[in-house]
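Undergrad: The lines below spell out each chain.
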Amino acid sequence: MNKTRKITCIVCPLGCEGEVRLDQEGNVTTDGFTCKRGLSYAREELTAPKRMLTTTVRVAGGDRLLPVVSDRPLPKDKIRECARLLTAVTVEAPVAEGQVICPDILGLGVNIIASREIKGAAG
Amino acid sequence: MFEAEYDVVIVGGGPAGMAAAVGAAQNGAERIALIERDDELGGILQQCIHNGFGLHRFGEELTGPQYAGRFIRQVAEYPNIEVFLDTTVLEVTPEKQVYTVNPQRGIGRFQAKAVVLAMGCRERSRGAIAIPGHRPAGVFTAGTAQRMVNREGYLPGKRVVILGSGDIGLIMARRLTLEGAEVAAVLEIMPYSNGLTRNIVQCLEDFDIPLYLSHTVTAVKGAARVTEVTCAAVDEELKPIPGTEFAIACDCLLLSVGLIPENELSRSLGIEFDRRTGGPVVDQTRQTSAAGFFAAGNVLHVHDLVDWVSAESETAGRSAARYARGLRAAAGRLVRVEAGSGVRVVVPQRIDCAAAGEYIELYCRVASPERNLTLALTAGGRTLFAQRLPLAKPSEMATLKVPKDCLGENPPEAITLVVKHADRGEEI
Amino acid sequence: MVKQQADVVIIGAGIVGTAIARELSRYSVSVIVCDQGADVASGTTKANSGILHSGIDAAPGTLKAKLNVRGFALYQKMHAELGLDIKFTGSLIAATCREEIAALEELAMRGRRNGVAGDIRILSRAELAAKEPGLSPAIPAALWVEAAGIVCPYGAAMAFARNAIRNGAAFLPDCKVQKVVSEAGRVVGLETTRGFIKCRYVVNAAGLWADDVSRSCGDDSFVIRPRKGEYILFDKSVGNLVNTVVFPTPGRVTKGILVAPTTHGNYFVGPNAQDTLDKGDLATTREGLEEIVSGARKLIPSLPLAGAITQFAGLRAVADGGDFIIRPSDKVFGLFHAAGIQSPGLTAAPAIAEMMVELLAEAGLPLTPKQCFDPVEPRPKRFRELSYQERDELIRANPLYGRIICRCEQVTEGEIVDAIREQCGARTLDGVKRRTRAGMGRCQGGFCSPRVAAILARELNMPLAAICKDGAGSALFIGKYSGNEVHEHV
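Residue numbers (this note's numbering), protein chains in the order written: chain A, 5 to 127; chain B, 1343 to 1770; chain C, 1004 to 1493.
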């Protein structure tokens, strides 16, 4: 499979714009990136792009939401599905920051964790 | 009336106020009051649920609530920081009396030895940029929408147009998309985006959201709720070009068109303001032109990274503690720092030569995107200090660490920060 | 259950309808005020200049001249008893060139003939510079009219409505009149979107829609044409822009684009005059805003455009003939018009009310004064107007006065709850805004609107997603978790 993409590097503020190509043998070639980190970012963007996910879940009985974050990046093409799945999640207070809210989401090996503390009704 | 005396009173419990409180506590202030109108500390960070905070400060990427959480826990470690929640400051007097209101305590009068202003900023509204048309429901500032989506669980609309490509606008484009709304377009009046490249890629390109540069909204339509916005390309003077109009059907227009330092409380102090930043004029200790009044964070100048808010606010807190303890030296020679050619803003706006510290950190923004530039500090045609940068954008604050001794034995009255280009043969 | 029968039904809860309701509530008659909007004062009354005109420029002998002068005198009497936001600032009518000075002299004479009270005289350049330092130096002279001022128009209508209700009148919002029903040439009731209301007398104070109401029973004796006026409102922080209401020398159609303070410390410029066919056309336009800016600059050259906080448009209800139409219908007995009430309608409203009551009495409505009529309407509590001591006492009595919801205008939760709970209280975000000023400040509700919406939802026991900005269909937010429909296209 041949793939070519123009990619804007986001590793540093320079924002290099380059091109990444994947040929049939699976070799990756690039143009226009000026550092090693940029090169590896560009390769990953072409072959297996990943993104962090941040969203919210409901707290039972509370009128505010709990912000959550993936504990590492998820495959980019799974982001929407994960976000949708989390709309159905409701947690009980209290919640500690870092508490796992949704373990191994969609079997991807990534946990969704609370990004803040929510005190119990009494607290 | 509730009355109390404090060494340092801090107005605002967002990132600036929390860091100022910690800075004051670490530098010997005995009684510190941290006053916050919301029912928890953290300010706007609590609604910024995305990640990307803290890379400079903590060396890792945190979400807004996580970044706030670190400071909330730090504040809690100091028993001499008293936190007043659900408390709004009504007035700050030149005599350092801070009048507050709270449902349980009623009116409060805090007598301070030093005051740190940390009120943050507010969003520019539709009226301030005068978008003509109807005035239906469905026009919100991006931050208001962010609060509704991330804290309260409500969407501002189902099909959304966003005006302004600053980071809040971009982040909201992604956020709304993930929540099932459709973002029809992001429009930016400037020929370049005001957001981080990362956000352009991850918030717009990832979701195929079109970005129209050099475009603006020229009319809002809809009697009860927004039904359509009219968009148009703009010319070099940012005026809509007749004939380029097109309509986008939508039920919501989000505005991400700038932030304004919230200085209504500071106005009554009679302190000097910088028209360019919209905040007070300060020295490198973040003292305003009134002794004992300090300012830090977005109330002083709008930042793009909270990491620098924290750093600046710790400086202000430390300086306030020193002032309250009577340790601040009498003001020395004051050197004005001016924003010259190619520079939009610079903070601090003056240097107190008697204040402690070997280095002075200048925060600045360039007037337009530049590559391979030199930021040069000049006085009377002479360059005192220069630093090369591969890139600078108006949306990203640059920092410049200037050794104080470059001002020399007999410091000039004023120094000017300018952008120069060595590669264009400009002398540096 | 809503009372569906009254002696008199007033169509329209604008400044005219509410003033008539209040005037009628002095007597032992039952009164209903209905309005198609969600709130009192939601038509022309919410978007106009808010000027108490002197009556100097109305043609002598017209209703406008007579009722303006009388209305001004009535406001002086009633602003204390109704707790209105009024300032008697006086006004200046500026000549923009030497040729217009003669017109000013003529105006002064006309004003005296109309019975305008107080000082009326042409001021010299030096006097002008002292009174209005910001006035253009190109203005050679101006006519000073002492008997003029500013009033919060929707505030006045709400106070009239509250006092009318206190004295027995009823208010029906969201009630659009579809037909004035008559039998044998005499009014018997109204068909409305809230059912049939039985009544023998109908007052048509329907503003822009007065001709539609009239036509519904075959009276096509007048036509109302909307004439749009656009405004720009400035923040308080722009400083002392003007001290008085500053007019240009009036043209043939309107009083021109003026610069004036508001009773709440803001300033505005406007209005222009643009005829339109659409009674819902409240859109501002770029051209219109440019027109008022350039018009206002002829009076005050240093217009602080960066201090603008909002722009809006209002529609004048213009009738052919130019004068107010205040008379019984000549087609149906029992129907009375108060129509074509354009400027100076706000000023004239209390006098229109007196006149309408006389007309009703002449037509046989029995009017016995009520012993229990209470003319006094307590002014709602305003946190920002109190001393610290008074505020502290207020919070002790009710802690909700200790929570600031609108930071720009310092409006507390207690005031917002009051505005919702009061007679014909607020049910929408704009209703709270017009009663308390929450959202009227420089951030234009960016900070407080979610909070005000939450208080409305709590007090009215409604889901937050049902809270509207203003009328029907203007819901502010959509519940994220209220259903799956939002997520369908993910």
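One should not assume that every hint holds.
As the list claims (entries may be wrong) - What follows is a set of in silico ranges between Cβ atoms, one per label pair, in the way DEER data are often shown: (1) E1579/B with E1425/C: 26 to 36 Å; (2) N6/A with G1682/B: 25 to 35 Å; (3) K1581/B with N1246/C: 47 to 57 Å; (4) R76/A with E1382/B: 43 to 53 Å; (5) G1682/B with A64/A: 21 to 31 Å.
Claimed, not checked - Listed below are the simulated EDC-like cross-link pairs for lysine to aspartate or glutamate, each with C-alpha atoms no more than 20 Å apart in a straight line: (6) K7/A with D1548/B; (7) K10/A with E1382/B; (8) K123/A with E1382/B.
Unchecked claim - Stretch by stretch, here's where chain A covers chain B in the computed footprint (C-beta under 8 Å, at least three residues): (9) 1348-1354; (10) 1407-1416; (11) 1470-1483; (12) 1595-1603; (13) 1660-1673.
What the hints contain is simulated information worked out from the structure, not anything from laboratory work.
Heads up, the beta-carbon is just placed ideally off N, CA and C, and yes, glycines get one too.
Undergrad: Evaluate each hint against the coordinates.
TA: Results of checking the hints against the structure:
1. E1579/B with E1425/C: 26 to 36 Å: violated, 49 Å
2. N6/A with G1682/B: 25 to 35 Å: Because 52 Å falls outside the window, the suggested range is violated.
3. K1581/B with N1246/C: 47 to 57 Å: With a Cβ separation near 35 Å, K1581/B and N1246/C fall outside 47 to 57 Å, so the hint is violated.
4. R76/A with E1382/B: 43 to 53 Å: Violated - the Cβ-Cβ distance for R76/A and E1382/B, about 28 Å, lies outside 43 to 53 Å.
5. G1682/B with A64/A: 21 to 31 Å: violated, 58 Å
6. K7/A with D1548/B: holds, 17 Å
7. K10/A with E1382/B: Distance of about 44 Å is beyond 20 Å: violated.
8. K123/A with E1382/B: holds, 11 Å
9. 1348-1354: With 0 residues in contact (Cβ-Cβ under 8 Å with chain A), the coverage given for the segment 1348-1354 of chain B is violated.
10. 1407-1416: Contact hint for the segment 1407-1416 of chain B vs chain A: holds, 4 residues under 8 Å.
11. 1470-1483: violated (count 0)
12. 1595-1603: violated (count 0)
13. 1660-1673: violated (count 0)
In summary, the structure is inconsistent with hints 1, 2, 3, 4, 5, 7, 9, 11, 12, 13 from the numbered list given earlier, while agreeing with the others.
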